[in-house]
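Asker: Residue numbers (our numbering), protein chains in the order written: chain A, 630 to 869; chain B, 8 to 80.
Just so you know, the hints here were simulated from the structure itself, not pulled from any lab data. Be a bit skeptical, because a hint or two may be false.
Unchecked claim - With a cut-off of at most 30 Å between alpha-carbon atoms, the simulated BS3-like pairs for lysine-lysine come out as follows:
no.	chain 1	residue 1	chain 2	residue 2
1	A	Lys815	A	Lys758
2	A	Lys716	A	Lys758
3	A	Lys716	B	Lys72
4	B	Lys72	A	Lys815
5	A	Lys716	A	Lys815
To be verified - Label pairs and their computed distance ranges (CB to CB):
no.	chain 1	residue 1	chain 2	residue 2	range
6	A	Pro782	B	Gln17	21 to 29 Å
7	B	Leu48	A	Arg865	28 to 36 Å
8	A	Gly847	B	Ile18	30 to 38 Å
9	B	Arg45	A	Val680	41 to 49 Å
C-beta atoms are modelled at their ideal positions from N, C-alpha and C, and glycine is treated no differently.
Each chain, letter by letter, is given below.
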Amino acid sequence: MGQQLFIFGAAFLGSAVESTEALTIVLAVGLTRGWRAPLLGAAAAVVALGVLVVAFGQLIVTTVPESALKLVVGTLLLLFGLRWLHKAVLRSAGVVAMHDEQHAYEQAVAQLESAVTTRDWVGFVLALKGVFLEGLEVVFIVIAVGGTGHGFPAAVAGGLVAAIVIAAVGVVVRRPLSRVPENTLKYGVGVILTSLGTFWAAEGMGARWPLDFVSILGLAAVYLVASRMAMTLIRRPQVA
Amino acid sequence: MRFLSAAARQIIGLFVGDWLQSIVVVLILAAGWFAVSRFGLPALVILVVLLAGQLVWFAYAEGLKQSRRRSPS
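Model the full assembly from the supplied sequences, consistent with the hints where possible.
Answerer: Okay, structure coming up:
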């Protein structure tokens, strides 16, 4: 039960971050060019992503041997999580600019305004591309988090609930969700995904963790301390 | 075609930000695979320490690089 909740939470948080970025693009298109084309584009992307989850998720879970699956997916999840964590450390240390949904929104609007054509397909393609590319990360998180721990339904549920919640909030506020603490979320999810990746990669190697799934909390603590240490080192004044 | 190449770039970019760091992580895991089956828990602990250590090292190196870029003097 605890493991299923953990998988649901990890998929939910990771998907919420990416859904926020996808929503910004759809909002930018919808508020500047009308809603029909971007909603159709977003719907087409969601269908394509759903097909990917069902096809690859089932294929991977049913055909790949468990130890190989854990090793490969664990390695990929570790690389994926470390990338988020690395970026979050640099942002928190102040050496890389924070991700800003308002800025992303303004960029998308500027891109749309420079498109002289008035045809709807510009909005359709931009929404399709934005939702599909951001959604690829959601698909990976759902498959990787759920596929290896016998928690595929929990992971799919986490991803779906996140997308629905973010879409619902977007419908209500109708502007970029700049108050979502996206960088903090990405930092937290980075720690969780890196820990899960390490756990599964090692299990794929044949290792047995003390306390089984609970040791993920210990791994999260190690990565949290390491990332704080990196931030402290980066912020430390440099001696010339 | 541009859409497909953007999708391919996005997929690779999901896992690889810095190629050197990714190679180091894979090498640590490869060494861990060899060591964990022979030495058990101690090797597992070293594996985790190395993975956490590379995170500190690469973030610190990138931080230094970005800081120097900002203040070239």
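Asker: Flag every earlier hint the structure violates by its number, smallest first.
Answerer: Failing hints: none at all.
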